[in-house]
Amino acid sequence: MDQDLVTQFKNKYETLAGIVHLVDTEDQAAEAVLDIVRLEQCRQVALGSLPASLSARIDAACSEAGIAVVKPPYQRQQLPQAMHESPVGVTWAALAVAETGALLELTTDDALRLVSALPRVHVGICRARDLLATHREAAAPIRRFFSQNKRNATATFISGPSRTGDIEMRLTLGVHGPEVAHAVVLGRCPDEADTGDKGDRHDAP
Amino acid sequence: MTPHDRHSRLQDRIEAALKRKAQRSALSVAVKRGRDSRRAALDAIPGGEAFREEVRAIKLRCLEKQQELIERFAARAKERGTHVFMAKDGAAAIGYILTLAAERKAKTVAKSKSLTSEEIEVNESLEAAGLQVVETDLGELIIQKTGEKPFHLVFPAVHKTAAEVAEIFKRVTGENVPHDIDAIMKAVRRYLRPIFLNADIGMTGANIGIAETGTIAIETNEGNARLVSSIPDVHVCIIGQEKIVETIDDAFQMMFAHPVSAVGQHLTTYVTMMSGRSPMGEGDSARESHIVILDNGRSQMRASELYSDALNCIRCGACMNICPTYGVVGGHTFGHIYPGPIGIPWTAEIHGLEKAADFAPLCVSCGLCMEICPAKIDIPLMIAGVKDRASRRQPHPLINRVLMAAESMAKLGSATAPLANRSLQNALFRRGLEKFVGIDRRRQLPPFSPQTLTAQFHRRGPAKIAGPKRKVAFFTDVYANYNAPELGMAAIERLEALGCEVIIPPQRACGYPYIAYGDLKRAHKTAQKNVAHLAPYVEKGYEIVTTEPTAAYCLKVSYPRLLGQSRRSLAVVEHTHEYFPFAAQLENDITASEQSLLAGRTYGFHIPCHQRALGAGRHTVDFLQKRGAKVQVVETGTCCGMAGTFGLKKGFLGYELAHAVGEPLFEEFKASGVEAIVTESSVCSIHLRQGTGMPVHHPLELLQPAE
Ligand code: SF4
Ligand code: SF4
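Those sequence lines, one after another, are chains A and E. All residue numbers for the first sequence refer to my numbering, where the first residue is 376 and numbers rise by one. All residue numbers for the second sequence refer to my numbering, where the first residue is 50 and numbers rise by one.
Careful, some of the hints might be misleading.
To be verified - Simulated pairs of lysine-lysine, DSS-like, Cα-Cα distance not exceeding 30 Å:
no.	chain 1	residue 1	chain 2	residue 2
1	E	LYS484	E	LYS460
2	E	LYS114	A	LYS385
3	A	LYS525	E	LYS484
4	E	LYS137	A	LYS525
5	E	LYS137	E	LYS574
6	E	LYS518	E	LYS68
7	E	LYS518	E	LYS578
8	E	LYS81	A	LYS385
9	E	LYS235	A	LYS446
10	E	LYS513	E	LYS404
11	E	LYS513	A	LYS525
12	E	LYS574	E	LYS425
As the list claims (entries may be wrong) - Residues from chain A that keep clear of chain E, each with C-beta distances beyond 12 Å, as calculated:
no.	residue
13	SER430
14	GLY441
15	VAL444
What the hints contain is simulated information worked out from the structure, not anything from laboratory work. Just so you know, even glycine gets a beta-carbon here, dropped at the ideal spot from N, CA and C.
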């Protein structure tokens, strides 16, 4: 893992009005999500398709705090209401790109796209080791994803909250989708034993 | 419509646009921010402008094998269960969509921004069939609700103030919408949410089609296309066939080029790449997607030698951000459905020559759109083609014919110089010149010289340079030859002092006005003649040097295009130089006294548009700085408004518009604190002198003759 990439991603994502959280463990990620949910004072959070253990941790943390969690598998009849009624949506990003500050969401179910598209607050979680330096490097994994899913597949780059400058050129966030966008970068130092980064302090929430 | 009617109608529209001060200033802020942000973004990345080369190469390659790519794209999309419909024109596309809507018993269509759908006026047809169609991009929604067309490609509603927008949504929602942007956003969010959630059909365009995987890519900053393409069970995408590229990697280049050129963003906030249609949760079966691939004249465009270049457009809007006249009058005046520079050839090909001819004269041929275009499209030449074709139906107005014959006029003026110059000072004569010819009486005109540079030079005879370092064939163009031979002589003598053998070969004026006003036959002929004159000198080892930026541009940029990149025209390109870059190659150390020649002087440097394509006057600035002057480039990033001879013309399609374009630059110069303006363009200097009241010099005028 390249610490420079994490820094570059963080800087870029933040210039795009996003908020970055660097955490080391899944527990800390779940905690970060809970903090965000609390800050928003909301009662329901929608989850995308996250790795099972992470999903379970977030679910547990939120449930314990009395926050309803909706999560896959989603039934057609619940949709799109489930996401519309969730002020916070938490999704998994297969990759992220340091150069552009973009999270890459790969889905084969549109319900999961809605988790990052409808709620007022979006939290995208990705692993630090899945950071790519440049946009171009994402071509190969997307190609693979499309060829593995012969019928339907959607890849979405998401870099920050929904923005518009359509009125008087003034940047305004959240006109349709998320007004607030968080990126949680997980496992800041998985190679810490090798790199000696262990003692590094960082601004985890 | 007679040419006179067309001309005066356009004049009226310009006049009206110039009066809308608030709109003008909003537009000028928007376009300036667009081009400044682009500049800053490109300055910050390695390679800078180099990506344009790649974009062009990709577009040309994909256009070359377009039919194959369309078929591959369609085949891949069908394999994924997508319905693909090839629409030969707008009627076919609309027919398909109407049938679909009827079969699905659809009532509401939520749309995300798509210029291609506007091209065929889909909304009107759907509404006529009783469907409710709602644009969900905020800017598009605003203009939909007021029944207007986009004012700008990227910022369709930039001409509306927050207060006006609030009133629009008050009317639309029945809510009380305060006049502040945040409150408006909340109202819009509340208004659109149920439309997103309940629309029967979601309709989008696509920025890119990818043949390799049958994928469409849709870019939005607002994220509305994500909702429109996911929630409704039926998704319809209308894509122009020229948007189909071969591979994901090609698409990635476009994904960068598009937002960076538009607003300096590296990537649009949301880029959705859809391959087939996904279900919505478990137990879903009703999902379908339809891709309508639109031809509507594109195949014909592709077959045209001149207009096929327009198909390389990726709709970034950068040309609108730099076009001097568009930046003043906006898309309602400068556009039909397709606005701005590229809107002229697109309109001509898709919506008809007549429609294009209505606003084509707004192009003053500054050439800047080509310099900013990520696909390096030669928009000015296509516009010249549109003007040319239009002139075959209705002849050019007199004034344009006169200005195209600038050299004959100058010849006459010079031959009758004392009389001609007195006349130019005479108010009565100027009134007549305005009334009968169309040259604005307020415009100061440079006097003619009784003896041309060529005549003077030949009288003097060539200087004997023993073992010349370089051989120079001097290209005079109109101004140095007929108006300012002393300037031309100073240039020549300085070259001689640097060890060059100089001659003035036979030549004609560069003929750029033929391109500017649209007489391609004459432009072509002039190019041919001059290349025939100059190429033999190049073959004998001469370098062609000129002091007029437009002449250098014409020889280096326009001629090869006009002459199909002929070998000789390219030889001329290779060996043509602007004066100062050429002199800089020869000049070594200068004497101490020359180093302090301009000490203490402060100048503001103006870059003429055509010089931007040639190195933006960097060597000229160096030249002056080396002599002790303090020089700063003063610019707004676009044209000063004069645009060759455009600013000579009377009225709104001339003098008035030239001044409106120039105002911000005049202000910059006046506020800069410099003592004088320096520029190499003979025509810009007239305009800047009049616009600022400041002294304006050619750099060579500032120098004593070289020692
Ligand atoms: S050449 Fe200049 S005036 Fe003409 S369309 Fe392009 S930018 Fe506008
Ligand atoms: S012509 Fe070029 S600059 Fe203008 S919109 Fe098209 S791609 Fe952009």
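A quick look at each hint next to the structure:
1. E:LYS484 <-> E:LYS460: Holds. LYS484 of chain E to LYS460 of chain E sits at ~22 Å (cutoff 30 Å).
2. E:LYS114 <-> A:LYS385: Violated. LYS114 of chain E to LYS385 of chain A sits at ~41 Å, over the 30 Å cutoff.
3. A:LYS525 <-> E:LYS484: At roughly 71 Å apart (the allowed maximum being 30 Å), LYS484 of chain E and LYS525 of chain A break the hint.
4. E:LYS137 <-> A:LYS525: Holds, at about 29 Å.
5. E:LYS137 <-> E:LYS574: Roughly 38 Å separates the two Cα atoms, so the pair is violated.
6. E:LYS518 <-> E:LYS68: violated (57 Å)
7. E:LYS518 <-> E:LYS578: holds (28 Å)
8. E:LYS81 <-> A:LYS385: holds (29 Å)
9. E:LYS235 <-> A:LYS446: Holds - the C-alpha atoms of LYS446 of chain A and LYS235 of chain E are around 28 Å apart, at most 30 Å.
10. E:LYS513 <-> E:LYS404: Status violated; Cα separation ~59 Å.
11. E:LYS513 <-> A:LYS525: violated (78 Å)
12. E:LYS574 <-> E:LYS425: Holds, at roughly 25 Å.
13. SER430: Consistent with the label, SER430 of chain A stays out of reach of chain E, its closest Cβ about 17 Å off (over 12 Å).
14. GLY441: Since the minimum Cβ distance to chain E is about 26 Å, GLY441 of chain A lies beyond 12 Å and the statement holds.
15. VAL444: holds (16 Å)
Of the hints listed earlier, those the structure fails to meet are numbers 2, 3, 5, 6, 10, 11, in rising order.
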